[in-house]
Structures are given as structure tokens and as C-alpha cells.
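Undergrad: Chains as they are written, first to last, in the working numbering: chain X, 27 to 317; chain E, 27 to 317; chain Y, 27 to 317; chain D, 27 to 317.
Possibly wrong hints are sitting among the right ones.
Identical copies go unnamed one by one, so any copy, or any two together, can satisfy a pair.
Simulated pairs of lysine-lysine, DSS-like, Cα-Cα distance not exceeding 30 Å [what the hints assert, rightly or not]:
id	residue 1	residue 2
1	Lys169	Lys224
2	Lys179	Lys264
3	Lys179	Lys169
Calculated from the structure, these hints are not laboratory results.
Number of protein chains: 4
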Amino acid sequence: MDVGFIGLGHMGSGIAGCLIRAGHRLVAWNRSPGPVQALVAAGAHAARSPGEAFDTDVVFSMLARDEAIEEAVIETGALDHARAGLVHVNLATVSVAFAERLARLHAEHGVGYVAAPVLGRPEVAARGELNVIVAGAPDAVAKARPLIESFSKTLWPMGEDPQRANVVKIAANFMLASAIEVMAEAAALGQAYGVAPKDLLDVVTGTLFAAPAYRTYAELITERRFEPAGFALPLGQKDVRLALAAGEAVNAPLPIANLLRDRFLEAIAHGDGDKDWSAISDVAFRHAGLR
Amino acid sequence: MDVGFIGLGHMGSGIAGCLIRAGHRLVAWNRSPGPVQALVAAGAHAARSPGEAFDTDVVFSMLARDEAIEEAVIETGALDHARAGLVHVNLATVSVAFAERLARLHAEHGVGYVAAPVLGRPEVAARGELNVIVAGAPDAVAKARPLIESFSKTLWPMGEDPQRANVVKIAANFMLASAIEVMAEAAALGQAYGVAPKDLLDVVTGTLFAAPAYRTYAELITERRFEPAGFALPLGQKDVRLALAAGEAVNAPLPIANLLRDRFLEAIAHGDGDKDWSAISDVAFRHAGLR
Amino acid sequence: MDVGFIGLGHMGSGIAGCLIRAGHRLVAWNRSPGPVQALVAAGAHAARSPGEAFDTDVVFSMLARDEAIEEAVIETGALDHARAGLVHVNLATVSVAFAERLARLHAEHGVGYVAAPVLGRPEVAARGELNVIVAGAPDAVAKARPLIESFSKTLWPMGEDPQRANVVKIAANFMLASAIEVMAEAAALGQAYGVAPKDLLDVVTGTLFAAPAYRTYAELITERRFEPAGFALPLGQKDVRLALAAGEAVNAPLPIANLLRDRFLEAIAHGDGDKDWSAISDVAFRHAGLR
Amino acid sequence: MDVGFIGLGHMGSGIAGCLIRAGHRLVAWNRSPGPVQALVAAGAHAARSPGEAFDTDVVFSMLARDEAIEEAVIETGALDHARAGLVHVNLATVSVAFAERLARLHAEHGVGYVAAPVLGRPEVAARGELNVIVAGAPDAVAKARPLIESFSKTLWPMGEDPQRANVVKIAANFMLASAIEVMAEAAALGQAYGVAPKDLLDVVTGTLFAAPAYRTYAELITERRFEPAGFALPLGQKDVRLALAAGEAVNAPLPIANLLRDRFLEAIAHGDGDKDWSAISDVAFRHAGLR
């Protein structure tokens, strides 16, 4: 199949690699040329514009911010170059407001639109073992499904309205940030009593919270290993902002998201804006006079 | 070995059963006589007073509230009946202030004191597969260890100061309550967008949060199965109160615990005081106009 | 002097009336024609477009939302019709981001720009006794000052950067909303002990908090007089949103604003979106099971 | 009239002075003898025990903490020395739980009990211009009223149940602490935009918030004049704790009190425990990276 791909960051490159290995003809575009060349070496074709990537059967995009999608897909007029029957699979975590707008815009251009935000870090993407939350019109999802399966472990179908997949993804990231915060508070409490963060978090992640998310972040918090950033703090801040905006649109208060919002602001105000988002854990320690 | 046991609720009875099956001579006391008779049928001896249970080699106590321990152990003068060399293993979640007082009091009476709060529900206790957080003087811990092992899967040593084990237990329960709250907020957000709580929580507990705590409580929240109470709401409230008190004593703010405190108050104010503590999840839905 | 005026809501009409009474030639524009006719009867001239109101010596605008200013002033090209030496005095509470953009845009068109958000309700505006927070280039402020004085009791100068006046106004409204919330919490606490809200709030507003803001809102809260809306709940919500956005831009957490944000969402979710913003006080009572 | 007085701190000494000047025979007791001697010089009689002060017609007490009252009044058996018909007027801010216990205890001893917590600082007390919140049985209040009037500007009657006066006083102090916090957040926001705290707070305390409480604390915050402590930070912390405990007893959440609780903890953790309670304002600035 002819497959387009837009946005070759760490996540995008890994996923695009899976699609090539699955035997598809990949037409790739990226704002900066470096990642495209790497992919061309693996067999991809370089697109000269986003529109060229849209002249395929299915086009994927993986762009971190709403504005990046707006620039690459909307402002370049890529939708006008869409091949008949094209389905656009948006892998990114976008705001629910933007998700709605994208769905409408694609409908107007007769292009299928599937929201397919992913759970997993770059190395998981490269191995083709992502969890993918999928929502869109049944025929569009059906067309994209075999391609999505080439880089995922599990597909989680969320119905026809693309916005629904985004809400679930936003909720998942909100829960991740919350887990960081609650581990930080618990570990700061322990440390105030002389219990090392590692000792305390080993107990909980070895028992009730023996889940990947907790284990990964317990380690980062314990060792204060915030650099290099696995997931940059401003991206985490963006996701909390998306959760708050999603809640605001439907009058759903999210008090823990409010707290997280402030943790990110304070972390940035104290110079941690370039670190991993788990660096917000320092705030709880600092408030208790432990930093 | 002669083993005393005080406090035969659901947890205590299960643990005491393990100790009998391990071949020990058990001297059991409980405020109400019913649970003692059940245990006598399994081979235990009924103590006429807490003091009699203290006339053993190792005595365990499992009493839910500080006041209950105060009444049974301190006010009855049980410590004055302690056999020479006795070690008292306190399995309950007590406040850190009371933990300190108990340690001091036992030292004054020449009785060993080990804090050994447990993680796990009654059915896990009955199977002898608890996780036990242990802190106390090395010789006291050494004497109690084989007995503790008879009802536990893993011992988590936390050093010599009994208070440390209590802080870790309190932190673990605080994290559990937080997990309930964050799932509730996430699920309420999803529902406001038409995503069923089960669909949303299935994704997160099937991926990032594939941990026992999340799975158990996701199910209760999803089905609103708050009765009968597996862990009664006022006990959960007590544990959050312990966390806040522990934080206050060392000037460690715990903003999520503050939020939880209010969730419990509001749940009780709305008539849910007799339900499972996961009923606090209704608060997030109600605030969003979804109940 | 030739004075333009854009935006004739309750506040704007009162202020415009003062300017006419002070002897100025007023050129007024409003989206809907009704308020303009009323003003024409008092001696004003009706502008056919915002641009006509900009063909004056000083033009005032009083539009409740950033979007309304964008439509009336920017999208209509009104700035292109500015008379040489024109100063635009923006009386509205705008976001700090938009304040910055407006200042830049006016500079590009060679038009003076003064931010002059006002404190006071419509009846105070009509009497010409507003408090006005003023920031802008000294010469622009000097030109506008006599006009501003015709409808104000006190001018509060805040320096040259227009944004500074907006931050102060946003902070003042944030403090007002906070006063409502804290009175609500205190009154709900009292009521739970059988003390009528009026009895409790009479004590505090008769002593420590004998300030206009507290007295006005204590009365509304006490009598639950939320309709008709003196200041509509969505406008209060907007102001809290502006405070949060202002804080976010400079990494300043505002935890009470977070709380207020949720109060507004919950009030709207419970059907109070058309009431006075003091209706958020019901939330504290409802949480305590008192509604 | 024979009047007893227990507790001669800054507040108590000022009030006792008013009672002497009003022509009453004052029998004064204080834990440390210094303040008693000063009062004797003004005409008072020194009591050798609290009981002696209870052998009068009306006895006042002004002791800062529940524990101090417990020691001086309950543990010394002072109630057993009460003259027939004695009325005890408790001027202190006590917890609602202790207020209830005191009322019961006095009833058992046939002693009248009036709760009369005061609003005002020491200099106001010395001038006899306090605001006094009064609750108790009508005949007890009637007997004490002329005495209370000798040191107060206004009496605020709150009915028969003494607890009610305490709730109102606790609510008032909670509102004061909240005012400090909200001014701190607003001023920190302003400072992040280059507006001096004094400039911003002058606007609000000169307009909407032209109340004594705001003016006094705006000045302390602006000048960071936290030493010497006018009202010590731990006493403010105690009052917030009383508010939370009062709320907990009746299931009334007080989210702003939660926030304040954390501000006090953090201030103490950062070494400000000996300062004026307005020093909690530094926390908002520090979180924004401004300290």
C-alpha cells in the first residue's frame, strides 16, 4: 500500500520503520530533512511537501503540538492533494477542540479521519509494540487497521467519534502525571521520617502498584534522574493543559490536574523546564524543606 | 512457640489461622467473644484478658484504631503481664504519634516492640500471602520473623525505628486512595465525552496501570459496586487523616491528601459513610453534573 | 474634544453619558443599534462603523471579551481610519496576551494606546465615580487624562506598559472572586453548626471585613439573591481564566484561582450558568450536604 | 463586682486593665508572676491559684491554647472553688470540641459558662474597643454583659450554645488567613509582571478592599515586615487547624483552609515558624521563583 508519513521525531521514526518493514511504500515528510534521509536509507521516499504524503492510500501524522499540525497539514493545503479514498491517521495527542476541528475539516475534503493516539515510549514504538487508542468511522478504521497493527501490540477501539480517542489518551497522560505527583508526595513524607525514597517506593511498586508506569517513574524520582529528558517537562505540561481544557469544555473539574498545573509552573520557575517531566517530583520535596 | 493474638476481625482471624496451622500454641483474645470461639474450634486457647495473651513468647495485635489498642493493651495493664522476653508485633496501621508512644511504653516495660503493618485484603491474609512492612530492634524482629513468615509472602524490612514501618504503610494507603480519586476524575472526564468509565479504565489498567490496585478499584468504580464495603469508607478516611497528621508533624505538605480529605467529608455528607471507600469516586462525577 | 466610543453595554453607556455631560462631541458605535439611539437622544453622534469612532481625538472602547475587540477594532480595519494623534483608551479587562498584542498593533499604526480597566459597577459608572487603573505612554495618558477624570473618582497610574494595568485589574477581580468563595466556605461551616449565614457574615463584614466588596457579596450570598445577575457568572469565569492565563505566562501558580475555576465549572454543571457569579457560593454549601 | 481574671498575656492584660478602670475588684492569676504584679500596681489583687479567681462573681479567662485552659481550669480543680452563681466567660479561641466539653463540665459544677471570643489586637483591647462574639445561657450572658461592655465596642450575640460563638470566631480567623493568602497570590502575580506589590495592593485596599484587615496585612506583606510577630505564625496555624477540625466534625470541606494548612507547614519547613503569620505570603512568591 502507499503510505504517507508526516512527523519523524523519535516516536514517528520508530513507527515509520515498522511500516517499511511491513512492506509498504512509504512517502515521508518532516520539517527538518535529517530524519527523512535516515528513513530513505531504510527504503522510504522523501516527500517534497506534506501534500505529497497525502497523495497516498493512508497517511499517518505524528506531530507533538496542535500548531505543528495546523502548519503542516492545514496551512500547506495538503488536504487538497489527498488521493481519492485517503484516510488520515493522526497519532498525536491533540486537544479535544482541535480534534473536533480536524474531523470537520477532513469531512469537508472527503478525507477519512482516524484519531489513533499511542501509549508507549520511543523504544516501544521502534519494536512495534505500542498500545493504540483508535476512533473514527468504521470504514476508515478498517482501511487503516492492518497498518496500525504493524506497529502495535493492542488496538483499543473507542467508537466512531475521533474526539473520544483523544479524551482517553489525555486521561491516560493525566493519570501518569498524577502517579508521579503522588509518588513524590509519599516519598517526601517518608524522607521526612528518614525513610529513603527508594525503600518506600520499592514497597509500593513491588506490591499494590506493580505497574510499568509506577516502576519507571519511581526509579527516575528515586535517582533524581531527570536528564536527559525521556519525556520533556513542557510536553507533560501541555498534556495537563489539554486535560484541563477538555474538562473545561464539558464543565468537569479535575482538581488533581489543577495541582499538577501548578507543579509544572513551579518547576519551570525554578529552572527545571528542560528536564524530564518527572522533575516535578522535586516540588513536593522542596515544599517540605527537603531540597 | 506460645503466641498471643489480640483482635480477631476479618484480617486478624485469617492471620491467626495461619499461625495455628504453622503449629503454634495460640492464645487469642477479642473484645466480642464470637471470633474467639471460631478460632478455639480450630485449636486456639481463649484468653480471658489481653494480659493473658501477653503471657506468651510473641504476641500479635490487629486492632483498627489507636483507641482500641489503647483500651486493650494500655488501659488493661496487659504490659504488666508480659512474659520475660516477650515481643509484641503490632500489625495495625497506627498514627506515627501513637507508634512513637507505643515504642516508648514497651521499652519502659522491657517488652520488645515490632511494627509490622500489612498490605493485603482479608482473603489474602487467610491464604498467608500478605506483604508485611517490618521495623523494630533486630533481636525482636529476629524472634518474630518465622511467625510473620507463616502468613506472609514478602517481608519488607524498614530498619529499627517502628515508626518507619507505619509511615510506609500510611504512605501506601494514601497512594491507594489517590489512585481511586485519579481514576474517578479521569473516568468522569471521559463520561462527559460519552466514553463509558469501563472503556476508559480498561485501556489504562490494561497498559500503563496494569497493577492490582488499579484493576480492583477500576472495577468497583465502573460498576459502582460500593456495597458491601470491602474496606469501609471511615477507615479510609482515618488513613488519610493519619497521612495528614504524619505530614503535619514533620512539616511535609500533602496536597493530594488534602483533596482526599474533602472527598471523604463530602461522601459522608451525602450519605455514603457506610459504603466502600471507593465510593468517594462518586464525588468527581457529581461535581461534573454526572450523578 | 472629539471623542469616539465603542461598546455601549451597561458600563459603556454610563461612561459615555459622563463624557457627553462633560461637553465633548461623542461619536458612538455599538454592534446593536439600540444603545446608540439612547445616547444620540442625549447628544451623541451615531458612527456607522468602528472606523468612524476612530476618526476622533481620543477613542474609548468597552467590550467584554477579547474576541469582541478583535472583531470591532482589528477585523474592521478601524485602526486604518485613525485620525492623526489619536489615543485609544481600552477600558475593558482583557487578557495580558491580548493586551500585549493590542499595544503592538497600535504602535504599528502610530496610534496611542492606553489600558484603563475600571473598578465599579454600572451605577457607579453612571455617577462618574469609577476607579480607573491606567497604564500607557506618558503623552498618551496625558491626553486622555481629563476625559478619564470626567467619569472617575480616582486614577491609579501603573506606569507605561499597558499590560501592567490589565494585570492589576485581573488581580482585583481574582481577589473579588476569592472573597466570595471564602465567605461561602465560612458561612457553610457556620450553618453546619446552626449559625445562620447572615449572623456569621454580619460579624465579619461589621468588623475586620467592613469593605464594600465583602458587604455587597455577603448580602447576595446570605439571601441567595443570584438573579438577576449583577455580574454574570460566565464573565466571572472569564476573569478567573484570565488570571490563570496571566499566571501561566510567567510561571506564577495561583492555587486559589484553580479552586475558583472548579467552582465555576461545577456551578455551570449544576445549572447556575445564567446567574450572578456569587452563585458559586452554593457549591461550598452543597459539598457540605447543606443544599 | 468581684471579678476573676486568668491569663494575662498581651490581650488579657489590656482587658483586665479595662475592668479595673470600670471600678471592679479584680482577682488575677497568671502562670508566670510578672504580669500579675503589673496589674496589682494598677489595683488588682493577686490570686494564689486559679481557684481563687473562681471565688468571684464573674471570672474571665484568656488562654491561647486548649491545653492551657485544661491545665489552669480543669486540672487545678478551680471549678470546685467556684462561688455560688459564678459565671465563667471564656475569651479565647478554642476548638469546637473543647468548647463543648467545657460547657458540659461547667454545667456539671453548676457554673455558668459564656463563650466570648474577641476580635482585635492588643492595642485595641487596651483601649476597650474590642468586638466580642458572645454565646451562652441568657441569664449568664446578662450577668456578664456589663463587664464585657467595659472593654468592647460591640457585642455580637450568637445565641445560647457557647460553641456557636467559637465557630464564628474560628471562621473569622480563617477568613483573615485567607485574605493574607489571596493578597500574596495576587501580589506575586503582579510582581512577575513588574508591578510592585505595594502598587498593586494600594489599588485594591484603596477601593474594593478598603477594610482594616486588608490594609494591615497588605502593609506587612508589602514590606515583608514579619518580625516582630504581631500574631505568631504557630497561632495562626492553630486557628486554621481549628477551622479544619470544626469542618471535619460536621463534614464540611474547607478547601481554602487546606491550602492554608500547607502554606503554614511550608513556611515552618523554610524557617519562618517564629515570624508573624503574614510570613506565609512568602510561599506564593517562592513558588513563582520570586524569592
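Undergrad: Now tell me, hint by hint, if it's right for this structure.
TA: So, going through the hints one by one against the coordinates:
Taking the shortest alpha-carbon separations for Lys169 and Lys224, only the inter-copy value of 27 Å comes in at or below 30 Å, while the best intra-copy value is 47 Å. Taking identical chains as interchangeable, the C-alpha atoms of Lys179 and Lys264 lie at most 30 Å apart only when both belong to the same chain, with a minimum of 26 Å there against 42 Å between chains. Within a single copy, Lys179 and Lys169 get their C-alpha atoms as close as 18 Å, which meets the 30 Å cut-off; across copies the closest is 49 Å, which misses it.
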